[in-house]
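There are 4 protein chains.
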Amino acid sequence: MTNKRKIINDPVYGFLSIEDDIVFDVISHPLFQRQRNIKQLGFTYLVYPGATHSRFSHMLGALNLMKRAISVLRSKGVEISDAESLGVQLAILLHDVGHGPFSHTSERALCNVHHETLTLLFMQRLNSEFGGQLDTAISIFNDSYPRHFLHQLVSSQLDMDRLDYLGRDSFFTGVSEGIVGTERIINMLNVKDDVLVVDEKGIYSIEKFIISRRLMYWQVYLHKTVIAADNLFYSILKRARQLISSGVALEGYAPLIHLLSNQYSASDFMSQTVAADDLLSLFASIDDSDVMSTIKVWMHSDDAVLRTLCEHLVERRLPAIKVSDTPFGEEYVASLRGLASQQYGFTDDESALFVNSGQLVNHAYTFDDSQIKILYKSGRCVDISQASDQLDRPFLEKTVTKYFVCYPKSLHINSCS
Amino acid sequence: MTNKRKIINDPVYGFLSIEDDIVFDVISHPLFQRQRNIKQLGFTYLVYPGATHSRFSHMLGALNLMKRAISVLRSKGVEISDAESLGVQLAILLHDVGHGPFSHTSERALCNVHHETLTLLFMQRLNSEFGGQLDTAISIFNDSYPRHFLHQLVSSQLDMDRLDYLGRDSFFTGVSEGIVGTERIINMLNVKDDVLVVDEKGIYSIEKFIISRRLMYWQVYLHKTVIAADNLFYSILKRARQLISSGVALEGYAPLIHLLSNQYSASDFMSQTVAADDLLSLFASIDDSDVMSTIKVWMHSDDAVLRTLCEHLVERRLPAIKVSDTPFGEEYVASLRGLASQQYGFTDDESALFVNSGQLVNHAYTFDDSQIKILYKSGRCVDISQASDQLDRPFLEKTVTKYFVCYPKSLHINSCS
Amino acid sequence: MTNKRKIINDPVYGFLSIEDDIVFDVISHPLFQRQRNIKQLGFTYLVYPGATHSRFSHMLGALNLMKRAISVLRSKGVEISDAESLGVQLAILLHDVGHGPFSHTSERALCNVHHETLTLLFMQRLNSEFGGQLDTAISIFNDSYPRHFLHQLVSSQLDMDRLDYLGRDSFFTGVSEGIVGTERIINMLNVKDDVLVVDEKGIYSIEKFIISRRLMYWQVYLHKTVIAADNLFYSILKRARQLISSGVALEGYAPLIHLLSNQYSASDFMSQTVAADDLLSLFASIDDSDVMSTIKVWMHSDDAVLRTLCEHLVERRLPAIKVSDTPFGEEYVASLRGLASQQYGFTDDESALFVNSGQLVNHAYTFDDSQIKILYKSGRCVDISQASDQLDRPFLEKTVTKYFVCYPKSLHINSCS
Amino acid sequence: MTNKRKIINDPVYGFLSIEDDIVFDVISHPLFQRQRNIKQLGFTYLVYPGATHSRFSHMLGALNLMKRAISVLRSKGVEISDAESLGVQLAILLHDVGHGPFSHTSERALCNVHHETLTLLFMQRLNSEFGGQLDTAISIFNDSYPRHFLHQLVSSQLDMDRLDYLGRDSFFTGVSEGIVGTERIINMLNVKDDVLVVDEKGIYSIEKFIISRRLMYWQVYLHKTVIAADNLFYSILKRARQLISSGVALEGYAPLIHLLSNQYSASDFMSQTVAADDLLSLFASIDDSDVMSTIKVWMHSDDAVLRTLCEHLVERRLPAIKVSDTPFGEEYVASLRGLASQQYGFTDDESALFVNSGQLVNHAYTFDDSQIKILYKSGRCVDISQASDQLDRPFLEKTVTKYFVCYPKSLHINSCS
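As you go down the protein sequences, you meet chains A, B, C and D in turn. Quick note: the first sequence uses my numbering, first residue 1, plus one each step. Quick note: the second sequence uses my numbering, first residue 1, plus one each step. Quick note: the third sequence uses my numbering, first residue 1, plus one each step. Quick note: the fourth sequence uses my numbering, first residue 1, plus one each step.
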């Protein structure tokens with residue numbers, strides 16, 4: 001037996017076991033360990049106190065589901081070589097390794113690079129450290145591996161990522177209605193003509209999965225108070241950038257200040273992946289704690305705008321938020337800014353940081369390459385929209401868009417929160 | 001404290017507590033205790049081995065939810081007197097007391113009386129035994145009590161009956177996807193203009209409830225193997241009636257034989273509710289064990305048809321079943337009967353008992369008096385079909401109908417089971 | 001793929017899967033299917049309404065744990081051949097196949113043969129039907145197979161039987177404190193010198209297991225109201241035997257009446273295992289429903305004693321019961337019988353059936369061949385009583401004995417129930 | 001209805017509801033909100049990835065249990081006035097408000113003041129802000145309120161604190177064996193002669209509670225890898241203090257640096273509770289994120305010792321740890337330090353920071369004022385050690401002491417980890 005065999009307790013699945021040395025080594029790597037200090041759901045814990053779970057736990061959880069999926073598929077006669085098995089495990093294990101502080105929340109605010117781009121860069125760096133052992137994982141991840149269904153297990157509308165995060169986020173938020181029949185769905189997985197499919201018996205579970213996912217969107221991921229917190233956070237980072245670019249020297253965690261002093265793009269990251277002291281390492285050195293601690297430092301900034309915004313976040317005096325099926329008029333938003341301006345004595349531009357508007361969009365299902373296919377006993381294979389009696393195409397195609405505006409609670413607008 | 005205060009363990013909710021003497025006395029009554037030996041889901045335990053739970057446990061569970069609902073409504077300022085509280089508790093406690101063996105399964109086969117009619121008769125008998133203490137409960141149950149929302153708590157599309165049975169059946173079958181956010185839904189209940197409503201925040205939970213209920217229908221209540229078992233059971237009782245009416249003296253539990261020797265209607269039951277030795281008592285004396293034991297006796301009947309049918313049920317050699325979106329043609333069914341006839345050497349009429357066809361119908365939601373209303377903060381109150389972004393009227397109105405035919409597995413038809 | 005691959009929902013573990021044809025065939029056999037109608041915990045459902053689960057579900061559950069144990073042991077380098085794996089699976093699957101109605105409850109009352117003896121007879125019969133495919137299973141079951149640890153997985157103080165029933169009974173009764181870390185314990189299993197052991201890391205789990213088991217004994221298996229119900233049931237069968245032996249012709253399910261008309265011993269069962277219509281088949285034809293239905297018939301017996309006892313059980317007017325650390329004196333029991341005699345107008349002998357006394361014994365742990373061994377990393381292997389800081393030998397050796405007397409509730413003795 | 005009524009999702013209990021304005025206001029206060037960023041179990045999340053839950057969630061959870069306890073006690077006739085009810089709720093809500101970063105872990109390292117002392121100071125400050133509304137809460141907390149059992153609900157061997165943390169820590173670590181029958185225990189609470197007692201029926205639950213607590217100690221709270229992480233953390237803070245006192249200017253979060261530059265005692269805190277900018281506020285401004293972010297800054301310190309220690313923590317290269325029933329000799333520890341000194345090229349004093357030894361102590365139960373009393377139906381009231389058949393005084397009195405030494409993994413000592 002290898003010394004590296006390890007069993008880890010996980011409240012969602014009971015136990016996770018790690019058998020392969022390379023899997024163990026990847027998990028032990030500092031670039032992976034940093035995800036212990038990155039919350040899976042960003043500021044959601046301000047609304048759901050239990051949701052402090054880390055992206056680290058999600059990545060291990062997704063690995064666990066991948067192992068079960070491989071075992072089910074093999075038991076149905078789908079041939080998966082040991083190298084492919086290890087590759088697809090490493091691909092799912094690392095699928096989120098590029099996330100920065102507070103996961104999605106900081107994505108557009110720290111640097112304008114999609115986390116999947118960063119994930120690939122991290123994977124490549126690890127691959128060179130581990131002497132090419134991640135080659136298969138990378139090709140599965142970026143869909144260049146010949147067997148497409150392996151990529152679909154990592155990234156599609158029924159991938160192990162989604163199955164884990166829906167279950168896990170439901171577990172830690174306590175929104176028990178989001179629970180998905182993960183075990184049953186995985187038991188129903190199959191492969192037909194190199195496409196990941198679901199056995200006929202799993203139709204109702206898939207319907208339930210789609211509806212649960214939608215519920216989680218509106219009840220958790222797009223929860224209006226979470227949106228309000230996110231917008232407050234964006235305003236903080238925006239103000240910090242404004243101050244820095246106007247020559248103010250802000251205190252705080254150096255790598256964070258550095259990122260906010262520049263506007264890095266994906267190409268900046270790619271051009272520097274070799275240097276020891278590079279941009280990728282700098283990015284990797286920032287986690288939730290650095291951002292929060294820096295914001296607490298800024299509570300004592302000379303700039304009243306930054307100070308006020310930071311106080312609001314740290315003391316959880318979150319903005320009020322209104323949500324509507326129709327957009328809020330420019331005038332209405334302007335009037336709120338006026339009120340804020342009046343109350344705080346800030347300029348119009350400054351007040352704009354206290355009143356944010358935007359839209360929330362969710363579609364239950366996407367008609368693209370990642371569709372969910374149902375496999376009948378007859379061998380016929382159709383999209384879930386055709387297989388389901390109830391969730392037909394018009395239902396699934398529907399995109400729900402809502403509009404929000406958030407503003408300081410102290411304005412005492414007649415809110416429907 | 002009364003000596004009758006009692007705490008009962010329940011695997012679904014943890015603990016059920018009984019505080020009122022009359023509630024304790026009703027539960028202790030033999031007419032209530034008999035439900036301990038009646039399975040909540042009839043022959044479903046032949047498919048889901050865990051589903052051996054009794055109607056007794058469901059009735060206590062629904063009582064438990066009712067108490068929570070009362071407490072939530074009172075905390076929101078809905079006035080409910082102690083007498084009303086007790087009345088609605090007794091109404092839900094007794095709402096299923098009229099069920100016979102195997103719950104719904106035997107309903108059409110033993111005597112042609114709906115279980116709600118029998119429930120009312122049982123309630124009236126108990127009421128006279130308990131000196132009128134069930135007056136309020138009965139008027140709430142039959143909707144003659146002035147405050148309509150109390151009836152809705154007992155019987156509507158969001159009543160405590162449904163909330164308990166969906167959760168309980170999901171728990172015992174192990175079909176975890178059927179889990180409903182019971183606690184959240186109850187927390188969202190409210191009353192507006194004497195109508196039971198759901199607070200705006202509960203919309204997604206209601207959507208989820210409707211979808212889960214549908215899933216439970218197709219995955220459990222109308223599971224094709226359960227349908228096959230039910231049809232086998234009907235054939236047994238039908239054959240027994242045929243034999244008795246042709247003069248054969250069948251052995252077995254006397255009250256059961258008596259019911260099968262007659263065709264009682266609701267009026268027969270009503271005309272005899274006073275006599276000690278009446279039809280209602282006779283009906284009440286039959287539970288699952290009597291039916292099963294009698295069927296085991298019939299395994300040794302002189303009649304080969306009855307014998308064979310009973311063997312099939314007892315040894316769980318259930319019929320094969322095909323389900324289709326379109327009806328099976330007369331000819332096809334006839335051909336199956338022909339094959340059965342050939343195999344067993346029975347007459348055509350006899351073989352008809354081995355080949356049953358029929359339809360399975362489910363609608364997600366019913367547009368009638370029992371609709372689910374959503375209450376907005378503004379005070380506006382609309383049907384869930386209007387409040388939901390996704391579950392609109394066309395979706396909810398849809399009725400799904402499927403057709404089935406079942407036949408002995410030994411026929412070796414090319415089945416898609 | 002074989003057509004017989006099957007997935008069964010189980011509320012305790014989620015899913016049970018069956019892959020081998022012989023396992024599927026054994027489960028489908030009528031001698032196995034009959035366990036669907038035998039409650040795992042006898043009359044316990046009169047106290048814990050959820051405890052209606054069948055021995056069938058326990059046997060499948062134990063099979064499921066066995067598969068996990070095999071997989072864990074193999075992953076630790078313990079070599080188990082496919083034949084051994086199948087053998088030990090079949091052994092655990094069938095380990096309780098000899099149980100009669102209400103499991104342990106009827107064991108001493110119907111015929112004086114231990115259920116393990118009957119299990120072996122059933123296994124031998126199945127083995128001859130299945131052409132010797134159970135040879136290995138039988139030798140593992142009766143400990144004649146050379147590798148002893150396989151037998152220990154089936155029968156020892158840490159066998160899969162115990163692990164399943166503690167978890168399952170805890171689940172269905174709702175006594176959540178009985179929950180055992182089944183998954184962790186199985187993960188900690190190992191084999192050293194052909195002895196089943198537990199890895200060092202599992203010490204606390206084993207301590208917890210021993211304490212939980214003890215809790216389940218006093219809170220469930222020896223719950224005083226369950227004991228009262230059991231004693232009432234024994235009195236019923238005893239009275240029935242008395243009447244039959246005195247020439248009274250009792251109605252009821254024929255095989256049950258036959259057993260009560262005779263005093264069969266193990267040798268009677270063994271001498272007849274070949275004939276189609278033998279004693280073993282007769283025994284196998286009786287399940288819970290036949291016993292209950294017959295008792296309901298006896299509610300109308302001419303004998304007032306039998307009638308009264310049966311009414312008490314069916315209407316759940318269970319005896320009152322007193323439990324004490326010291327035995328109840330002969331005189332006290334006699335005085336209770338006198339009171340009962342007075343109240344009912346029965347003779348002394350008859351009244352003795354209404355007043356039962358006896359003792360309840362539990363030891364947390366047994367120092368015999370089935371001890372639980374802890375394996376240290378150093379390779380050292382010691383008994384749990386030495387390995388545990390807290391559960392030392394004096395603690396574990398302690399036998400707790402309590403004394404009970406039960407009597408009709410209507411006697412209105414000053415009881416501490 | 002007040003606008004402040006609020007329902008919060010909690011994964012452990014489902015829902016927490018807040019009804020009283022003062023409770024809502026206390027929870028909203030920044031001194032309370034800061035606990036959102038303090039992990040309940042310090043560095044335990046490095047071993048159990050799910051254990052990222054906050055002290056905030058524990059404090060709300062304990063409040064929830066307190067409400068249930070009050071409701072149970074009132075239903076048993078214990079009179080508790082509304083003011084007392086609110087007082088005891090606020091007392092439990094605030095019982096941990098004095099915790100600093102990483103809860104217990106930092107307690108001895110940041111300043112030498114017990115968290116209960118700080119809690120009282122925080123409560124007093126809040127009380128003056130809220131105009132004396134916490135008077136009753138404070139007197140219950142410090143046991144000066146006349147009715148002693150109220151204090152016992154907040155602080156004793158069966159308080160709501162313990163019941164919540166055992167259940168919650170078990171939930172989030174995934175150590176399911178730690179689960180305690182919280183609901184049952186609360187249902188069994190009673191008061192006799194102003195002492196909190198447990199009804200006789202709860203004996204087995206209490207036994208289980210004591211055993212589970214012990215299991216949680218060894219499996220979680222004193223888990224050896226957690227101890228290793230804690231010791232690494234202490235060494236970091238110790239080194240930081242050394243450097244600061246020798247005149248090195250360390251970067252990092254200012255309030256943290258300030259605390260490490262001084263040796264404050266309880267009297268320092270007490271003397272300054274009035275000033276706005278005082279020591280208590282300074283302490284309150286530090287949470288987990290500031291400590292972690294500062295440690296990450298120190299990874300680039302000029303001091304190689306500090307740098308190395310910080311790298312070990314951040315990259316989770318935790319020390320190896322040996323645990324033994326007997327103390328490790330001075331010589332052995334010195335030899336380990338020698339090895340470390342050799343490997344790193346540090347002085348002996350510096351190396352001492354890499355090799356820590358100490359002891360771990362747990363007693364299952366304490367015989368003091370906080371004992372658990374069992375109330376018999378007869379009215380007699382005895383200690384659990386007398387009431388329990390199995391957990392007698394010698395068992396409960398036993399103190400288990402273990403000894404540990406931890407050292408850099410890279411030393412490659414033959415460890416038994």
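Be aware that a few hints might be false.
What the hints assert, rightly or not - Below, in silico cross-link-like pairs of lysine to aspartate or glutamate (EDC-like), each with a Cα-Cα straight-line distance of 16 Å or less: (1) A/K398 x B/D392; (2) D/K322 x C/E200; (3) C/K6 x A/E19; (4) C/K76 x A/E19; (5) A/K76 x C/D383; (6) D/K76 x B/E19; (7) D/K402 x C/D389; (8) B/K76 x D/D20; (9) B/K398 x A/D392; (10) B/K76 x D/E19; (11) D/K76 x B/D20; (12) D/K6 x B/E200; (13) A/K398 x B/D20; (14) A/K6 x C/E183; (15) C/K398 x D/D389; (16) C/K402 x D/D389; (17) C/K76 x A/D20; (18) C/K398 x D/D392; (19) B/K6 x D/D392; (20) A/K76 x C/D20; (21) B/K224 x A/E200; (22) B/K322 x A/E200; (23) A/K6 x C/D199; (24) A/K402 x B/D20; (25) B/K402 x A/D199; (26) D/K6 x B/E19; (27) A/K224 x B/E200; (28) A/K322 x B/E200.
For the record, the hints were derived by calculation from the structure and aren't laboratory data.
Consistency of the hints with the structure:
As the CA atoms of A/K398 and B/D392 are separated by approximately 11 Å, the hinted pair is consistent with the 16 Å bound. The hinted pair formed by D/K322 and C/E200 meets the criterion: a straight-line CA distance of about 14 Å does not exceed 16 Å. With a CA separation close to 28 Å, the supplied pair C/K6 and A/E19 exceeds the 16 Å bound. This hinted pair checks out: C/K76 and A/E19 have alpha carbons roughly 11 Å apart, not beyond 16 Å.
Under the criterion of a C-alpha separation no larger than 16 Å, the hint pairing A/K76 with C/D383 is inconsistent with the structure, at around 43 Å. For the hint pairing D/K76 with B/E19, the CA-to-CA distance comes to about 11 Å; that is within 16 Å, so the pair holds. For the given pair, D/K402 sits about 10 Å from C/D389 by alpha-carbon distance, which is consistent with the 16 Å threshold. Note on B/K76 and D/D20: the hinted pairing holds, with a Cα-Cα distance of about 14 Å set against a maximum of 16 Å.
Restraint check for B/K398 and A/D392: satisfied, since their Cα atoms lie roughly 11 Å apart, inside the 16 Å limit. For the suggested pair B/K76 and D/E19, the alpha carbons sit about 11 Å apart, so the restraint of at most 16 Å is met. Restraint check for D/K76 and B/D20: satisfied, since their Cα atoms lie roughly 14 Å apart, inside the 16 Å limit. Distance restraint check for D/K6 and B/E200: the Cα-Cα separation of roughly 15 Å lies within the 16 Å cut-off, and the hinted pair is therefore satisfied.
With a C-alpha separation of about 51 Å, the suggested pairing of A/K398 with B/D20 is violated against the 16 Å cut-off. Simply put, A/K6 and C/E183 have alpha-carbon atoms about 15 Å apart, close enough for the 16 Å limit, and the pair holds. Proximity of C/K398 to D/D389 is assessed by CA-CA distance (about 9 Å); at most 16 Å being required, the pair is judged to hold. For the hint pairing C/K402 with D/D389, the CA-to-CA distance comes to about 10 Å; that is within 16 Å, so the pair holds.
Our distance criterion of 16 Å between C-alpha atoms is met by C/K76 and A/D20, whose separation comes to about 14 Å. A C-alpha spacing of about 11 Å is found between C/K398 and D/D392, which places the hinted pair at or below 16 Å, so the restraint holds. Taking the CA atoms of B/K6 and D/D392, the gap is about 30 Å. The hint is violated against a cut of 16 Å. Distance check on the hinted pair: A/K76 and C/D20 sit about 14 Å apart at the alpha-carbon level, within 16 Å; holds.
Between the alpha carbons of B/K224 and A/E200 the distance comes to roughly 14 Å, so the proposed pair stays at or under 16 Å and holds. Among the hinted pairs, B/K322 with A/E200 is consistent with the structure: their alpha-carbon atoms are about 14 Å apart, no more than 16 Å. Distance restraint check for A/K6 and C/D199: the Cα-Cα separation of roughly 14 Å lies within the 16 Å cut-off, and the hinted pair is therefore satisfied. With a CA separation close to 49 Å, the supplied pair A/K402 and B/D20 exceeds the 16 Å bound.
Restraint check for B/K402 and A/D199: the C-alpha separation of about 19 Å exceeds 16 Å, so the hint is violated. Restraint check for D/K6 and B/E19: not satisfied, since their Cα atoms lie roughly 28 Å apart, outside the 16 Å limit. At most 16 Å may separate the alpha-carbon atoms for a hinted pair to count; A/K224 and B/E200 meet this at roughly 14 Å. A hinted pair counts as satisfied when its Cα atoms are at most 16 Å apart, and A/K322 with B/E200 qualifies at roughly 14 Å.
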